[in-house]
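Going down the list, the sequences are from chains W and S. Residue numbers for the first sequence follow this note's numbering, beginning at 1 and rising by one. Residue numbers for the second sequence follow this note's numbering, beginning at 1 and rising by one.
There are no misleading hints in this set.
Partial list, derived from the structure: chain W residues whose beta carbon lies under 10 Å from chain S:
1. Q127
2. Q164
3. V218
Keep in mind that the hints were calculated from the coordinates and are not lab data. Quick reminder that beta carbons are idealized off the backbone N, C-alpha and C, glycines included.
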Amino acid sequence: MMKTLIAGALVALCVAILVVDYAMATRQPFAARPAAEQKRVTAARLARKSRDNAVAWVLIAAAATFLTFAKGLVKPEKPSAPGEQDRQAKAPGPLRSATPPELDLSFVDQVVAKIGRGKEAGIPLLQAIQKHYRYLPDEALRRVCELTEITPAEIAGTSSFYGQFRRSPVGEHIVRVCHGTACHVSGARQITEELRRYLAIPDGEDTDAARMFTLDEVACLGCCSLAPVLMVDGHTAGKLTPATACDSLKVTA
Amino acid sequence: MRRGAVEIRIGLGSCGVASGGEAVRDALVRAGATVKTVGCNGMCYREPLVEVVEADGRVATYANVTPEMARGIVRRHGWQAEPPAPPKHQHRIVLENCGIVDPLNIDDYLARDGYRALTMSPDEVIATISESGLRGRGGAGFPTGRKWALGRAQAGDVKYVICNGDEGDPGAFMDRLVLESDPHRVLEGLAIAAYAIGAAEGYLYIRAEYPLAVHHIRAAIREAAGRGLLGRLHLEVREGAGAFVCGEETALIQSLEGKRGMPKLRPPYPVERGFRGRPTVINNVETLACVPWIIRHGAGAFAALGTKSSRGTKVFALAGKINRGGLIEVPMGITIREVVEDIGGGIKNGRAFKAVQLGGPSGGCIPARLSDTPIDYDALAQTGAIMGSGGLVVLDDRDCMVDIARFFLKFTQAESCGKCTFCRIGTKRMLEILERLCEGKGRPDDLEKLETLADYVGRGSLCGLGQTAPNPVLTTLRYFREEYEAHLRERRCPAGRCPALIRYRVTDNCIGCTLCAQACPVGAIAYRPYEKHEVDDQLCTRCDMCRQACQDDAIEVL
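From just these sequences and the hints, can you work out the full model?
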């Protein structure tokens, strides 16, 4: 906040100096003067010029600083992709807060009682928790550590090692596009690209703005003779083209 | 229903369900038929598949059935039935019941001589398995009889058997199909293994990506245990959590113990000190599925099939650019050409056969000119590929071999557990080189560098994943070096596949039908009816959809 103000003031000052100098330069007409007088005017003009140069550099730096800090003050807005507006209208509310404010952890207690408290129960526990909450919420993992012999380090180790586990919330439906060998040679890349366009998922993300679909690339779904294949939730669709891939999402609607 | 028909079967394995089989079953039931739900018989390319068995044992097959056809099948059986495909070259041992028995009905399996195998002593079992020459079907090919004998010889009264169903290899799905379609067979095999080595506890480690297989196996365990068929053996299913490396036996054990699935140095082998530090025998699903047949029919019958070093049959998953994809079971020693041309029905769309990729990320590409190579462990090893778990992906002339190598390296790099430096970093550097080549930014010494790195990664890694990770690169370099050279020196992709190296151009064949403009997802082709179209290179994402849409072969790749 303070930095922004200082930088802003500096920008304003620099602009003022430059404006004044410019005004002075244009006000003094070129006229015949005595040599001494001419010399003094030229020296003054050169001095002003070098000062203005320096001021301009300061202005650039100050403006950059100002913009950088000012950006932090204003809430960053996501660039909206085509087709996003109408979807946002359907799903109001903040984009990234799919976590319910208070998680009901009684499920963790039940599942620990059922599966066990030993270290070997670790992966089955994580699988059950992910099945219930659809991802691994930090609160639930903390609860597991309290209830069992498993340490936080072990949970962090296994949950990051295995491809099945997700530590962040997912969209309502998970779309798993197979990228096995047979699907790769039959055009899995085109399917994924078309789905990303269709759902308007920005680069570097995997879920669309309305948080309806999370797109996941998986190694192999084991239906190689129907390649290319995708799975929406539990439903598999095969022999896809980019167009039928988009249609296959409608089974969830 | 016409006279004589005794059974209507519909295949509802994962592939049958994905092809819309459930709607067909409902339509059959609505039409008044009593339908038996079975697994898949391997003819995935013809799903949904309905079979009608007549009283005299003849089977009529209806392929690609739609719900509309169901009524016709029930009312006027005999109409539109195809004669069953001649089982050319195929010999079914592992798949003998797949698509015939109801996986959720133990009586069906019992009616086909299930759970009758055990009448011998443990030592006789091991002798029979050894004599049959059965080798591990998971990829490495270790003799199963020897593994069991070692397991039996271990001291201690607590031993474990584990069924490895973590079929992570992209392109292979035989374990899924067997577990889905004939789960009792695997349980029987596992029970025999446990009996032979003296184990009282067993685990089945199955990928979580196979929900139907997990469901069927769980149901089968309940049924078999309920009837007392498993004796004192206690079986439990554990779902894999999505790590390819867990197919390696020491990593699998780590995973069962609740740890990160990182392989350990062998020896000690799991058979000496495995799960919970006890002697553990781990066998692949397909290996175990062979066992009941061998015990029932004798070692001689199994050993009579196949070649000298590789006995019996092998299941292959045929996929890729092939007309009849699916699961086949053939005697060892059959040639690749027989598999691709006779059983697989040749290449899709009449294109040219270029290569087969055998053995997934650990295997390699065998070019079409070597397709007379017999399929057995040793002959395949000489080509640089491996038998692997039996994924056989057929490639045609539009597949770029550099891209295939890059694809597999990307897979192994992502799946490397990170324990060994050469595997963790070496595969990363190799992948960078391959990505560079695919983008036309290769550097002059890249091919030599690839070979050096491949050598280091292979020698500097602890487990099979790292040791075999360079295989796809080495085999493609060996058989398709000119394609690498074209990417490197001419910045050209001969197969027209690598997006950064190709452009599309509309030729004078164009009739202005606008199909390509309609197909283009990014609007790179302007909509101009009756005029020759043009592709805007700046907008084009090289997705190939225009070329696939064109009916007049008017779009060429430059």
